[in-house]
Amino acid sequence: MDKVLVVLSDNNKGKFISKGFSDAFRGLSYFVIEKKIYDLNIDEVKAISPNLIFLFWTDMTQKDILEKFISEYQNDDVIYIHCSELSAEIPENYKKLENHYIFTTDSKTKKHLFKPSVNPKEYKTKFKGYKYNITFSGNPAYKGREEILTKLIYNFGPINIFCRSFDFYKSVDEIEKSKLLDKYMIELYRSSYKGYVENAKELSDIYVSSRINVDIENENKKAINYRCLEIMASGGFLIAPYTKSVIKFFEEGKEFETYKNSDELVDKINFYMKNLNIAQLIADKGKKNTVSNNSFYDRLKSMLKVIYGKDFSSR
Numbered sequence: 015m016d017k018v019l020v021v022l023s024d025n026n027k028g029k030f031i032s033k034g035f036s037d038a039f040r041g042l043s044y045f046v047i048e049k050k051i052y053d054l055n056i057d058e059v060k061a062i063s064p065n066l067i068f069l070f071w072t073d074m075t076q077k078d079i080l081e082k083f084i085s086e087y088q089n090d091d092v093i094y095i096h097c098s099e100l101s102a103e104i105p106e107n108y109k110k111l112e113n114h115y116i117f118t119t120d121s122k123t124k125k126h127l128f129k130p131s132v133n134p135k136e137y138k139t140k141f142k143g144y145k146y147n148i149t150f151s152g153n154p155a156y157k158g159r160e161e162i163l164t165k166l167i168y169n170f171g172p173i174n175i176f177c178r179s180f181d182f183y184k185s186v187d188e189i190e191k192s193k194l195l196d197k198y199m200i201e202l203y204r205s206s207y208k209g210y211v212e213n214a215k216e217l218s219d220i221y222v223s224s225r226i227n228v229d230i231e232n233e234n235k236k237a238i239n240y241r242c243l244e245i246m247a248s249g250g251f252l253i254a255p256y257t258k259s260v261i262k263f264f265e266e267g268k269e270f271e272t273y274k275n276s277d278e279l280v281d282k283i284n285f286y287m288k289n290l291n292i293a294q295l296i297a298d299k300g301k302k303n304t305v306s307n308n309s310f311y312d313r314l315k316s317m318l319k320v321i322y323g324k325d326f327s328s329r
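Quick note on numbering: the sequence shown equals residues 15 to 329 in our numbering.
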């Protein structure tokens with residue numbers, strides 16, 4: 015039985031995606047060892063002697079740790095699988111090595127394309143009624159995100175922001191310094207903070223019980239965000255930034271909604287808040303597509319075919 019080491023990122027997205035691939039590897043009869051990124055130990059890895067090492071590049075604060083690990087564990091008999099939303103997040107030097115395989119959402123070739131994936135079982139939840147109006151889950155401490163969030167506060171009052179407290183209060187400081195909100199509106203922004211959720215089931219409950227789920231990309235991000243798949247797999251209604259990446263995989267206006275600027279976002283939120291029946295129909299179709307066509311198991315099989323050839327079962 016081949017052994018695979020799956021390195022778990024420290025942030026939610028990387029952790030959920032890595033664990034999703036862990037389950038897919040097990041489904042294909044691999045022996046899986048999971049290691050948190052901060053617990054990587056070269057001697058332990060040598061003792062494990064994996065045939066494959068799976069890495070999902072997502073948090074650039076952890077880039078140095080991964081590069082150090084790979085440089086210390088150079089083994090021509092090991093296959094390294096690098097996965098990311100953006101090819102720019104993976105160091106260039108690995109793209110030229112024979113035993114390193116790169117799969118990204120923005121790949122220009124189908125062969126190395128990492129299509130968005132999610133574990134439907136993790137986000138399987140029942141709709142029990144609406145608890146929230148407008149919800150955003152993610153790090154708000156980026157200029158572009160802060161501008162859109164403050165626009166939502168101006169137009170709709172307090173919303174629901176789920177993230178790490180450090181990131182939220184960093185955004186508060188930045189909003190105050192940039193004077194995006196006055197003192198009264200800043201308090202409305204503060205009251206929008208609802209805490210940090212790192213459990214997929216709890217996140218799923220939030221998404222499905224929100225009338226509107228807003229995705230806001232950070233600067234220069236052009237790949238589909240994993241958060242979009244979480245929301246749609248949960249059966250939540252999603253409004254996301256318009257990008258070529260997202261409309262390549264999902265049908266806008268039928269499986270989710272898009273916006274091109276903050277004014278359009280406000281207009282569409284107003285429309286769907288008044289037409290929740292339409293929003294629910296869109297959410298139902300988005301869930302069906304996400305659950306049926308975007309599993310980690312199917313993604314892994316296509317990736318292994320690139321690595322081992324058509325009949326990868328004889329690896």
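Source of the hints: derived by calculation from the structure; they are not laboratory data. You may find that some hints are simply not true.
Claimed, not checked - Here are the simulated lysine-lysine pairs, BS3-like style, with alpha carbons at most 30 Å apart:
#1 Lys17 with Lys157
#2 Lys299 with Lys262
#3 Lys60 with Lys262
#4 Lys299 with Lys50
#5 Lys157 with Lys125
#6 Lys191 with Lys288
#7 Lys77 with Lys29
Cross-check of the supplied hints:
no.: 1; hint: Lys17 with Lys157; in the structure: violated, 43 Å
no.: 2; hint: Lys299 with Lys262; in the structure: holds, 16 Å
no.: 3; hint: Lys60 with Lys262; in the structure: violated, 41 Å
no.: 4; hint: Lys299 with Lys50; in the structure: violated, 35 Å
no.: 5; hint: Lys157 with Lys125; in the structure: violated, 35 Å
no.: 6; hint: Lys191 with Lys288; in the structure: violated, 35 Å
no.: 7; hint: Lys77 with Lys29; in the structure: holds, 15 Å
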